[in-house]
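Engineer: Read off the chains here:
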Amino acid sequence: MATGELNPNHYPAQRAAKVVQHYLTTRYGSPYRLFGVQKVHSGNAEDVADTGRKYQLEISVHEIISNVTQTCSAEVFFPRGETQSSPHVQASCEELLKTDTKAQEEALYQQYKTNQGLLSSQRLPDSYGHIEPDMKPFWHLGILASSFIMLNESTENTLYNMAQVANITQLATENEQLKFDCHTLLHDMVSQEIIHWKMLFTWSPGEGVKVLQKEQLPHCHHCEKPPNTN
Amino acid sequence: MMRGLLAFVVLIGIVLGKETFEGHQVLRIVPKDDFQLSAIKKLEDMMEVDFWREVSDVNTPVDVRVSVHSLPSVKMYLKTQNIKYSIMIKDLQAMLDEEQEEMKSAACVSELRNTDKFVYSRYHTLSEIYSFQDMLVAENPKLVSKIVIGPSFEGRPLNILKFSTGGTNRPAIWIDTGIHSREWVTQASGTWFAKKIVTDYGRDPSLTAILNKMDIFLEIVTNPDGFAYTHSNDRLWRKTRKPNPGTTCVGVDPNRNWDAGFGGPGSSNDPCLQTYRGPRANSESEVRSIVTFVKSHNNFKAFISIHSYSQLLLYPFGFTPMPISNRAELNTLAQRAVTDLASLYGTQYRFGSVIDTIYQASGGSIDWAYTQGIRYSYTFELRDTGRFGFLLPADQIIPTARETWLALMTIMDHTLKNPY
Numbered sequence: 001m002a003t004g005e006l007n008p009n010h011y012p013a014q015r016a017a018k019v020v021q022h023y024l025t026t027r028y029g030s031p032y033r034l035f036g037v038q039k040v041h042s043g044n045a046e047d048v049a050d051t052g053r054k055y056q057l058e059i060s061v062h063e064i065i066s067n068v069t070q071t072c073s074a075e076v077f078f079p080r081g082e083t084q085s086s087p088h089v090q091a092s093c094e095e096l097l098k099t100d101t102k103a104q105e106e107a108l109y110q111q112y113k114t115n116q117g118l119l120s121s122q123r124l125p126d127s128y129g130h131i132e133p134d135m136k137p138f139w140h141l142g143i144l145a146s147s148f149i150m151l152n153e154s155t156e157n158t159l160y161n162m163a164q165v166a167n168i169t170q171l172a173t174e175n176e177q178l179k180f181d182c183h184t185l186l187h188d189m190v191s192q193e194i195i196h197w198k199m200l201f202t203w204s205p206g207e208g209v210k211v212l213q214k215e216q217l218p219h220c221h222h223c224e225k226p227p228n229t230n
Numbered sequence: 001m002m003r004g005l006l007a008f009v010v011l012i013g014i015v016l017g018k019e020t021f022e023g024h025q026v027l028r029i030v031p032k033d034d035f036q037l038s039a040i041k042k043l044e045d046m047m048e049v050d051f052w053r054e055v056s057d058v059n060t061p062v063d064v065r066v067s068v069h070s071l072p073s074v075k076m077y078l079k080t081q082n083i084k085y086s087i088m089i090k091d092l093q094a095m096l097d098e099e100q101e102e103m104k105s106a107a108c109v110s111e112l113r114n115t116d117k118f119v120y121s122r123y124h125t126l127s128e129i130y131s132f133q134d135m136l137v138a139e140n141p142k143l144v145s146k147i148v149i150g151p152s153f154e155g156r157p158l159n160i161l162k163f164s165t166g167g168t169n170r171p172a173i174w175i176d177t178g179i180h181s182r183e184w185v186t187q188a189s190g191t192w193f194a195k196k197i198v199t200d201y202g203r204d205p206s207l208t209a210i211l212n213k214m215d216i217f218l219e220i221v222t223n224p225d226g227f228a229y230t231h232s233n234d235r236l237w238r239k240t241r242k243p244n245p246g247t248t249c250v251g252v253d254p255n256r257n258w259d260a261g262f263g264g265p266g267s268s269n270d271p272c273l274q275t276y277r278g279p280r281a282n283s284e285s286e287v288r289s290i291v292t293f294v295k296s297h298n299n300f301k302a303f304i305s306i307h308s309y310s311q312l313l314l315y316p317f318g319f320t321p322m323p324i325s326n327r328a329e330l331n332t333l334a335q336r337a338v339t340d341l342a343s344l345y346g347t348q349y350r351f352g353s354v355i356d357t358i359y360q361a362s363g364g365s366i367d368w369a370y371t372q373g374i375r376y377s378y379t380f381e382l383r384d385t386g387r388f389g390f391l392l393p394a395d396q397i398i399p400t401a402r403e404t405w406l407a408l409m410t411i412m413d414h415t416l417k418n419p420y
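So the sequences go chain by chain: A and B. full-length UniProt numbering applies: residue 1 is where the first sequence begins, and numbers increase by one. full-length UniProt numbering applies: residue 1 is where the second sequence begins, and numbers increase by one.
Excised from the complex, chain B in its bound form (with noise of 0.2 angstroms):
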C-alpha cells in the first residue's frame, strides 16, 4: 500500500513542478464519534491538506497529508475540536529520500553484475537464476552455450546450459535439476554446480578430463512454471502448471509423465493428485522438450535426475521389480558414490533400486533414460530426511552442493572410463 501511496505523490510532485514535501507531515487520525467524523470532514475545504485514506466511519483511521505551512492551523483546528491524531509521517520528503536511496540499493544486490557475485547460499526466484545463466555464459563463452529446448506450458524457456570444449556431438551426460518445483535446495545446486564445472575446467584434473572427452548438459529449472509459482502462491507446489479439462485441479507430475510404464502402478490418473501421470505419455511440454532433445542428440551415456528429499541415490527400475541387466555395476557405483558423497559432512545416503528403496513409481525420467539405452542414469534425493524437508534452510544449501558434487563427479567419472 505504501509503495503506491508513494508513486503517486512523487508522481504528484513531478506533476507540480518542482514541489518539495519538506516538512509535510502525514497524520493518523481517528475519529471517535459523528461529531469528530463531520468535523475532520471539513478539512477538506482546507488548503494543502490531502487525504491519504479517506473519511469513512467512526473509530476508521484517517491518514491526511498536511504541507509545512498548514501544519500549525491544522493542528490546532484538530485540538479545538478535542480530536486525537498521531504523526504517521514526520517528514514526507525525508522519508521519500530515504526511499530513493533504498530503491537504488536494492535494484544494485538483486542486479546480477557476474557470477562470482552471486549469493550461493541464498534461494533465488526463477528470473534471478536465468540472468544467472545468461551471464555464466557471457563470462566463460568458449566453455558455456545456453540452448532453448522448448517452452514450458506458460510459455517460460526451457534453458539448458552446455558444457563443451568442442568436438562434435560428443557423448554426453545429462543433469537435470527442479523438475519438482517446492525442491528448492536442488534448483540451488544445479545453480552451483553450473558455476563448479567453469571454475574446477583447468583446475580439477578429473573434471578435465572428462569434458576433455565429453560434454555436460544440466537443465537448472526443469519446471519453471511450477517454480514461479512456490514463488508466488504455494511454496509446496510439485507438478507443472497446466490446467485439467473438467477439473479445477491444475498440473500433471513431470517425473510420472515419461514413456516408461506409463499408466502402471506408481501414478494416478486423478487430475487432482500429486502423482497424476497426464493424459498421456509426454503430453507435458517440460518432459517432451527434454525426450525430443535428448532422442536426436542419440549421444548420451549418462542421466541424472535430482530431486530431495530422502538422502538417497537410486538407479531404475521404479515402474517394474525386474532388475536392470547392468545392476550390480550400477549398484557398486551407487555405494562409490555415496561413500564419497559422505565423505565431506558425513551425510548418510542409502542407495538402491527406486522400487526397492522408495516406492514404485511409473512413467519416470530414469527409467525412460535407461530404456533409451543411457546406461548410467540416476536418480538423487537430497537433504534432508524430513527435519525440514523441503523447506532446507538455506546455510544447508552449499553444504548439500558439495557433497553431492563429490558423488556427480564419480559417476561422470566413471561414464568416462567405461565408453560404450
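If we strip away everything but chain A, and leave its shape as in the complex, we get (with noise of 0.2 angstroms):
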C-alpha cells in the first residue's frame, strides 16, 4: 500500500476522502444537507505501529443543496486487526455547516408527523433516474441511514456509494420521532458488488438520524424478479 506522500488523484487518497464523506453525512447530513467531495487536493499515508493506517488529507467538500464548497482537513484511520473495525475519521469543514435547513426541516417534519397515511415510497430514483420531487427528502434520507453503514462497513479496499432507495416506509410512532423502515442499495465501487441493507431508523429535526436495527441481506441470485412498473 501506499505510504508518504500520496498522488491525490489516484485511488487510496480517493477511497479516503470518500469515508470523510461518510462521516460528515453521519455527523451533519440531514433531508437538506448532503456533502460529496470534489477534489483532494493533497493526501498522506502513514502506518501506525501494528495498529492501523492513518490518512491525512486535504480535500474540497461540496454541499450538495446549497451549492456551497469547502476545503477541509481530515484525518482518517484504518484499523487492522482481526475483526473487521469501522474507520475513524477526524474532519473539520465548519463552513459547511452554516447553511440553515432549520425551517426545511421543520416543514418536512411536521407534514409527516401529521398526515393521516404514512408514507411509502420505492426505487429512487428509478431506473431512468427519475424522483418526484416530493419523494426527493425521503432519497436524502435513505442516503443519510446508508451513510452509517457505509461509514462503517469502508476500509482500504472499499468505495461506497448508495445506488438506490429500494423501499422505505414510514412506520407508526409513539414518540417525537418519524420513524422509517428502509431497503437500500449499496455500491461498492472496488468489488462491483450491490450490496443489500434493511434498516430501521428515525429522524427528526432535532435528533437527525438514528439507526436503530441494521442488517445486510444475502442477494439471492435466481430470485431476480421483474420489477413493478414504472
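In short, the hints are calculated from the structure, not lab data. Among the hints, a few may not be true.
[Said to hold, decoys possible] Simulated restraints on C-beta separations:
#1 B:Pro419 <-> A:Thr83: 52 to 60 angstroms
#2 B:Thr20 <-> A:Pro133: 39 to 47 angstroms
#3 B:Asp116 <-> A:His196: 50 to 58 angstroms
#4 B:Lys117 <-> A:Asn9: 39 to 47 angstroms
#5 B:Arg402 <-> A:Thr83: 26 to 34 angstroms
#6 A:Lys210 <-> B:Gly263: 21 to 29 angstroms
#7 B:Tyr420 <-> A:Thr3: 33 to 41 angstroms
#8 B:Glu98 <-> A:Lys113: 50 to 58 angstroms
#9 B:Thr208 <-> A:Ile64: 53 to 61 angstroms
#10 B:Ala209 <-> A:Ser73: 43 to 51 angstroms
#11 A:Gln213 <-> B:Gly263: 54 to 62 angstroms
#12 A:Ile64 <-> B:Glu98: 37 to 45 angstroms
All C-beta atoms in this analysis are idealised placements derived from N, C-alpha and C, irrespective of residue type, glycine included.
With the hints as a guide, bring both chains together as one complex.
Structural biologist: What follows is the structure, encoded as C-alpha cells:
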C-alpha cells in the first residue's frame, strides 16, 4: 500500500476521502444537507505501529443542496485487526455547516408527523434516474441512513455509494421521532457488488438520524423478479 | 390485467359481430356475508351479465359487466338485497374507444420514423436502439453501414456501425459503449455519438478530416443480453447472461474476459461475483466477436471503451503496474482531452492508468487492445461520481454525451495526426 505522500488523483487517497464524505453525512447531514467530495488536493498515509493506517487529507467538500464548497482537513484511521472494525474519522469543515436548513426540516417533520397515511415509496431514483420532487427528502433520508452503514463498512479496499433506495416505509411511533423502515442498495466500486441492507431508523430535526437496527440481506442469485412497472 | 380483459372483450365483440358495448357498465360488488355471496351468484343466471372477476369469498371483490338493457334490473336487485356496489366503468364502449386511440398514438410515439425524431434525452430499449441503427444506415447509406460481428449468448445480433467515406481497410478507430449493461448513460451516449458523426461530417472540419482518412467503428450495445435484462428484471445487472455450470449464478464480467493478464489479480474466479472472469479468456461471445473482428481487420489505431460512473479517463494497464511504453504521450493526451471535456460544463475528470487511478483489473479490453499494438487505447468512466451513479437522470444524457464527444474528438484527432 502506498505510504508517505499520496498522489491525490490515485485511488488510495480517493477511497479515504469518500470515507470522510460518509462521516460528514452521518454527523452533519439532513434531508436538506448532503455532502460530496469535489476534489482531493493532497494526501499522506502512514502505518501506525501494528494497529492500522492513518491518512491525512486536504479535500474540497461540496454541500450539494446549497452548492457551497469548502476546503477541509481530515484524518482517517483504518484499524487493522482480527475483526473488521470501522474507520475513525476526524474532520473540520465548519463553513459548510452554516447552511440554514431548520425551517425546511421543521416543515418536512410536521408534514409527515401529522399526515393521515404513512409514507411508502419505492425505487428512488427509478431506472431512469427520476425522483418525484415530493420524494426527494426521502431519497436524502435513505442516503443519510445508508451513510452510517457505508462509514461502518468502509476499508482501504472499498468505495461505497448508495445506488438506490429500493423501499422506504414510514412506521407509526408513539414518540416525537419519525420512524422508517428502509431497504437500500449500496454499490461498492472496488468489488462492483450491489449490497442490500435493511434498516430501521428514526429522524427528527432535533435528533437527526438514529439507526435502530440494520441487517445485510443476502443477494439471491436466482431470485431476480421483474420489477414493478414504473 | 386490464389489457388482457380488454383484449378478451374486444374479441368477444368481434366474434359476436356487430355488438357494441355502448352504455354497458362494469360494477364492482363486495359481498359482506354468505347471504350476499349467494345472492350475487344468482346474477350468473341473468342474461347479459358477464363476470370479469368471479364470485369467490366474502369481502373479495366481484366484477361484473352488465349490458345497458339489464342495468336497471341488476341495480334494483342489488338494492333490494342491500348489496353495495361501485361503478368501475361507466360506459364500456367509451373506454374501449379511448384505449384504441391511446394505443394508436403510443404506436406512433414508439414507431421510429427517422433519427431526427429520435429522443436522445431519454433512455431507450434494445429494440429502439436497434431500430435507430437501421434508420441511421437507411438515411446515410453512403456514410454508415451496419455489420453484425456475431451473436450474443442468447442469440441477439452484436451490431456495429461503420462510418466510412471509402477506401479499403483504412486505419480505424474503435468505440464501444454498454459492455456493462447497467451503465445506461453509455449506450445512450453511443446513440448520440452515432447521430453526431453523421451530422458533423461535411460540417465540422476536424471530424471531416478524420473521416476522410480513417474509419470509425461504433458498437453501441456491446452486451445486449445484459441490457435487455436491465429492462426486464434487474436494472443493476452488469455481466453477460450466460449460465455457469453447477451454480444458479449467471454471467461473466465481459471486461475481465479479455486475453490480457487473464486470470490475474483484479478479477474473480467465483461465478457469483460481479467481476467473474469466465472459464477462460474470450469464453464470452460478446468479447470473442470483437476480438475476431479487430484482429481480422488488422488496422485499428485507437480503441476506446466507454463505461460509467466515476468521471475518469484511463489508459492501460489495469492488470499490471508496469507502465506502457508511450505513457507520457497518453498521459499528456488524456490531460488535453479532460480539459476539453471540462470546457463545456465544468465537469471534472481525473486521469491516469487504470491500475493507479481506480483499481487493479485483469482481462480488460483496453489492456488487450494495447497489447495488440493499438497505441491509443483508453477507457472512459462517464458521469457522475456517485450521487446518482448508474441511475443517472435522463436529462444528463445529452450534456454527458456532448462533453464526452469533445474528449473523443481530441483523442481521434491526435490519432489521425500521429499515424503509425
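Engineer: All the hints need checking, so say for each whether the structure fits it.
Structural biologist: Structure-based check of all given hints:
1. B:Pro419 <-> A:Thr83: 52 to 60 angstroms: 58 angstroms Cβ-Cβ, so the 52 to 60 angstroms window holds.
2. B:Thr20 <-> A:Pro133: 39 to 47 angstroms: holds, 43 angstroms
3. B:Asp116 <-> A:His196: 50 to 58 angstroms: The hint (50 to 58 angstroms, Cβ to Cβ) is violated, given that Asp116 (chain B) and His196 (chain A) are roughly 43 angstroms apart.
4. B:Lys117 <-> A:Asn9: 39 to 47 angstroms: This hint holds: roughly 42 angstroms between Cβ atoms.
5. B:Arg402 <-> A:Thr83: 26 to 34 angstroms: violated, 49 angstroms
6. A:Lys210 <-> B:Gly263: 21 to 29 angstroms: violated, 46 angstroms
7. B:Tyr420 <-> A:Thr3: 33 to 41 angstroms: holds, 39 angstroms
8. B:Glu98 <-> A:Lys113: 50 to 58 angstroms: violated, 41 angstroms
9. B:Thr208 <-> A:Ile64: 53 to 61 angstroms: violated, 41 angstroms
10. B:Ala209 <-> A:Ser73: 43 to 51 angstroms: Once the Cβ atoms are compared, 49 angstroms apart, the range 43 to 51 angstroms for Ser73 (chain A) and Ala209 (chain B) holds.
11. A:Gln213 <-> B:Gly263: 54 to 62 angstroms: With a Cβ separation near 41 angstroms, Gln213 (chain A) and Gly263 (chain B) fall outside 54 to 62 angstroms, so the hint is violated.
12. A:Ile64 <-> B:Glu98: 37 to 45 angstroms: Distance hint for Ile64 (chain A), Glu98 (chain B) holds at roughly 43 angstroms.
When the structure is compared with the earlier hints, violations turn up for hints 3, 5, 6, 8, 9, 11 and for no others.
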